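Participant: Mapping to full-length UniProt numbering: the sequence shown position 160 is 160, numbers consecutive.
Quick caveat, the hints were computed from the structure, so don't treat them as lab data.
Where hints are given, some of them may not hold.
With a straight-line Cα cutoff of 20 angstroms, these simulated PhoX-like cross-link-like pairs (lysine-lysine) come out [as the list claims (entries may be wrong)]: (1) Lys215 x Lys229; (2) Lys215 x Lys198; (3) Lys131 x Lys70; (4) Lys70 x Lys8; (5) Lys226 x Lys262; (6) Lys272 x Lys256; (7) Lys119 x Lys204; (8) Lys229 x Lys256; (9) Lys131 x Lys204; (10) Lys178 x Lys193; (11) Lys188 x Lys131; (12) Lys276 x Lys262; (13) Lys119 x Lys198; (14) Lys131 x Lys215; (15) Lys226 x Lys215; (16) Lys204 x Lys188; (17) Lys119 x Lys70; (18) Lys198 x Lys178; (19) Lys204 x Lys178; (20) Lys226 x Lys256; (21) Lys188 x Lys229.
Fair warning: this is a prediction, and the values are worked out from it, not measured in the lab.
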Amino acid sequence: LQVRIGSKWGTVCNYGWNIINAALVCHHLGLVLNPDDWFLEPSEIPEAGINEDIIISNVACTEEDVDITKCHAESQEDFENSCTHEQDVGLRCHTPTWAGVRFSVLARRSDLQYITIEKAGLLDYSTNSFKPALQIDFSRHALSNIRVISNVHDGLGIIYSDIYSSEAINAVVDSEFKDNHGCGISFKQLGLKISGTKVEDNSKGGICHNPVLSKLQQRELSGWFKPSKDLNEYSYRPIYIPESPVAIELGNHETKYMITSKVTTQDEINIKYSIK
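Using the sequences and the hints, build the whole thing.
Facilitator: Structural data, given as structure tokens:
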């Protein structure tokens with residue numbers, strides 16, 4: 001990293017350097033920072049700027065700063081002879097991409113065929129948030145002859161799988177997941193059937209399983225269950241527990257959602273529901 005202070009160009013000492021500083025630099029260049037791939041080891045830094053002076057050190061930017069040269073930092077006089085070019089800052093920024101495709105937890109069963117999803121995965125550049133290029137919150141869909149390639153995060157990401165309903169297909173057939181910067185296919189819950197599919201050259205692995213769901217992910221996922229204000233244009237009708245009637249009718253291939261309500265009482269609640 002080289003910066004210009006006044007009329008002088010020079011490098012930056014990595015004392016006190018952190019991801020907030022790095023993200024600001026990437027944004028200043030019109031690029032984005034990937035939290036999993038931004039730090040360069042000294043051996044990875046090209047020999048550029050070694051003939052220039054090291055002009056700032058201990059840079060301390062905040063999330064409100066917009067210019068790396070305006071952040072609080074030590075100038076050349078403050079760290080004279082205490083930093084060499086072996087401590088130069090090196091970082092990796094990435095080209096911005098689109099977010100990708102997402103099937104929400106309420107999405108009806110769908111067939112996805114003959115499409116290509118590429119150069120996707122950036123959810124929000126301002127928070128350095130990335131997501132799978134194709135994210136399925138509740139997997140019940142049929143994916144056939146799709147290509148998910150050259151994305152900056154996982155190719156396909158599965159949160160939950162519908163392993164009970166009779167209409168759920170939950171399968172990937174004759175598809176390709178290649179050259180993705182994360183995993184080719186990642187799961188929170190297993191249950192997806194994969195056949196005739198090529199998964200190769202993905203940076204973090206072909207198929208990854210991590211059941212952990214962060215609090216932020218849980219909160220975001222639960223937000224989909226909040227009913228729309230205009231119920232006349234939306235078929236989603238949740239069943240509230242314990243307010244709803246105790247008799248619940250469930251048709252063939254029908255999915256119904258139950259939401260427990262907060263109840264303030266000292267009394268025991270004992271209700272039986274009949275589902276048929």
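Participant: Could you run down the list of hints and mark each one as holding or not?
Facilitator: Hint-by-hint comparison with the structure:
1. Lys215 x Lys229: Not satisfied, since the Cα-Cα distance of roughly 26 angstroms exceeds 20 angstroms.
2. Lys215 x Lys198: violated, 33 angstroms
3. Lys131 x Lys70: Since the Cα atoms of Lys131 and Lys70 sit roughly 32 angstroms apart, the hinted pair is violated (cutoff 20 angstroms).
4. Lys70 x Lys8: holds, 15 angstroms
5. Lys226 x Lys262: holds, 14 angstroms
6. Lys272 x Lys256: Holds, because 17 angstroms separates the two Cα atoms, which is no more than 20 angstroms.
7. Lys119 x Lys204: holds, 17 angstroms
8. Lys229 x Lys256: Given that 20 angstroms is the threshold and the Cα spacing comes to 19 angstroms, the pair holds.
9. Lys131 x Lys204: holds, 14 angstroms
10. Lys178 x Lys193: holds, 18 angstroms
11. Lys188 x Lys131: holds, 13 angstroms
12. Lys276 x Lys262: Distance of about 26 angstroms is beyond 20 angstroms: violated.
13. Lys119 x Lys198: holds, 18 angstroms
14. Lys131 x Lys215: The given pair, whose Cα atoms are some 16 angstroms apart, holds under the 20 angstroms limit.
15. Lys226 x Lys215: holds, 17 angstroms
16. Lys204 x Lys188: Holds. Lys204 to Lys188 sits at ~16 angstroms (cutoff 20 angstroms).
17. Lys119 x Lys70: Violated, because 33 angstroms separates the two Cα atoms, which is more than 20 angstroms.
18. Lys198 x Lys178: Holds. Lys198 to Lys178 sits at ~8 angstroms (cutoff 20 angstroms).
19. Lys204 x Lys178: holds, 11 angstroms
20. Lys226 x Lys256: Holds: Lys226 and Lys256 sit about 14 angstroms apart, inside 20 angstroms.
21. Lys188 x Lys229: Violated, at about 31 angstroms.
Hint violations for this structure: numbers 1, 2, 3, 12, 17 and 21, all remaining hints satisfied.
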